[in-house]
Amino acid sequence: MRLPRFLHNWLLRHVQVSLSSLGRLYRAPLASFMTAAVIGIALALPSGLYLLTGNLQRLSTQWDGSANLSLFLHQSVTQQQIDSLQKKLARWPEVDSLQYISPQQALAEFRELSGFGEALDALDENPLPAVIAIKPVRRHADAESAAALLEKLRALPEVELAQLDLLWVKRFSAIVDIVRRSIWVMAALLGLAVLLIIGNTIRLEIQSRREEIEITKLIGATNGFIRRPFLYSGLWYGVAGAILCGILVELAFLQLSGPVRQLAGLYQSGFSLQTLSFGDSLGLLLTGALLGLLGAWLAVGRHLATIEPS
Amino acid sequence: MIRFDNVCKRYPEGRDALQNVSFHLHAGAMAFLTGHSGAGKSTLLKLIALLERPTRGQLFLDGENLSRTPKRRVPYIRRKIGMIFQNHCLLFDRTVFDNVALPLVIAGHRHQDISRRVRAALDKVGLLGKERALPITLSGGEQQRVGIARAVVNKPPLLLADEPTGNLDPDLSRDIMHLFEQFNQVGVSVLIASHDLDLISQLPYAQLRLHQGRLVNEGTHAAA
Chain U
1 MRLPRFLHNW LLRHVQVSLS SLGRLYRAPL ASFMTAAVIG IALALPSGLY
51 LLTGNLQRLS TQWDGSANLS LFLHQSVTQQ QIDSLQKKLA RWPEVDSLQY
101 ISPQQALAEF RELSGFGEAL DALDENPLPA VIAIKPVRRH ADAESAAALL
151 EKLRALPEVE LAQLDLLWVK RFSAIVDIVR RSIWVMAALL GLAVLLIIGN
201 TIRLEIQSRR EEIEITKLIG ATNGFIRRPF LYSGLWYGVA GAILCGILVE
251 LAFLQLSGPV RQLAGLYQSG FSLQTLSFGD SLGLLLTGAL LGLLGAWLAV
301 GRHLATIEPS
Chain S
1001 MIRFDNVCKR YPEGRDALQN VSFHLHAGAM AFLTGHSGAG KSTLLKLIAL
1051 LERPTRGQLF LDGENLSRTP KRRVPYIRRK IGMIFQNHCL LFDRTVFDNV
1101 ALPLVIAGHR HQDISRRVRA ALDKVGLLGK ERALPITLSG GEQQRVGIAR
1151 AVVNKPPLLL ADEPTGNLDP DLSRDIMHLF EQFNQVGVSV LIASHDLDLI
1201 SQLPYAQLRL HQGRLVNEGT HAAA
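Keeping their order, the protein sequence lines are chains U and S. The numbers in the numbering used here rise by one with no breaks, and the one at position 28 of the first sequence is 28. The numbers in the numbering used here rise by one with no breaks, and the one at position 26 of the second sequence is 1026.
Please keep in mind that the hints were generated in silico from the structure rather than gathered at the bench. Where hints are given, some of them may not hold.
To give an idea of the interface, some chain U residues facing chain S are shown, with a C-beta separation under 10 Å as derived from the structure [to be verified]:
# : residue
1 : E214
2 : I215
3 : T222
4 : N223
5 : L276
If you're wondering where the values come from, they're calculated on a predicted model, not measured in any experiment. Just so you know, even glycine gets a beta-carbon here, dropped at the ideal spot from N, CA and C.
Assemble the whole structure, with the sequences as input and the hints as a guide.
Pasting the structure below:
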């Protein structure tokens, strides 16, 4: 299908102007690069942090799935009572599996892991209570239903203390959430900074091409015609800044990925850092382009009107 | 082509640049605008090119009332006028070709079209070999020819020239005037502001003489 003539011309003109704007940036490589680098760094800060907290959030949801409840039983509870309690709990629909840890087992484990073996020998009797570790079914593993289950377990007479191991995961996740929100505030401020950088760069460009603008206005250029190359300059600055930002973030995460994999290995976790996804990169590029266009638009709107031939 | 009806122009600082100026330049006519510097020649040209607006009175270009032209129509009016300046007003970071092509690019012509018409315009002013040159490498006379080529490249019905021979020696000036005559012969209306009275008196065209903002005499043979 052939495009209508006027549309074809319009498109062609835009391609020409955008390329000539790009060429103008290319002919002053150092200045263009520095502007793009400032934009890139300003964008890299929030996007890097956003990515980092995204990874932390992913980590905490991985833990969410393994929420465990620990029941610490009264010292006075007999072995018979413990057996019947286990049978009773195993029938609960919320309970996936449970594991009984006798005081002796707990002591042995503690002796092995803590390094306080000799101190424990000095004690007359085993101070540790019997523990039943409960793994809830997946349906009840989320924070809310796990908390409900916890209340139900607390009400049992044999139980001295019931604890949800999820609690700190919840706190961690809440902190990450707060950090993530504050990143938006930072992103907004740095976005504003990018607007100002691009606006100022375009303003200088307008000043240095003042004579050219006057002459083109004299021979019948519309405001749209004069505005267009500057808008494309802003667009290219934004896009170049976004690309540089992507490179910076990828490099930073490349630096981090080794140590993180090592750390995850220590915890027998297959966790690895996630870097910019395709969608993220696209979003970043779009953000850069929009900020560039907007910054240029503001500068052009303010300064072009004041230039009239005389 | 151009009609002034009792046009007055007073600048904000209170100076009366033009007072009750009335004249009519017919389509296809050629005329000179003369007078001392400060007599109002530049102001009159600026009014036609919509660089200034009249304080009172009305002026028409090609039948359109310029005193009422909205701002967004100004660029389209200017495309009807080929303007030539004493200081040439060329873009010095672009080649001769690009300078001459500018009005066509602005009007959104197609690439092949632009190429053909720019070459034709440069041919007419005798600069066909200089397409790739930068204006700074050309002599004053050649730069003025580039300015003329740019003014005529989109075939405007009117040429306005402000002291086009101001900085040129008599021989070059005559050549430039001859160019204007050639354009006039193919139907373009031409109005030239000049104080080169020696040269003008040798040419058989009407003179509009301004003195302190007033039109002293409209040449009896103004209409054509």
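Note to self: If you test the structure against every hint from before, which numbers come out violated?
What the structure shows: When the structure is compared with the hints, only number 5 turns out to be violated.
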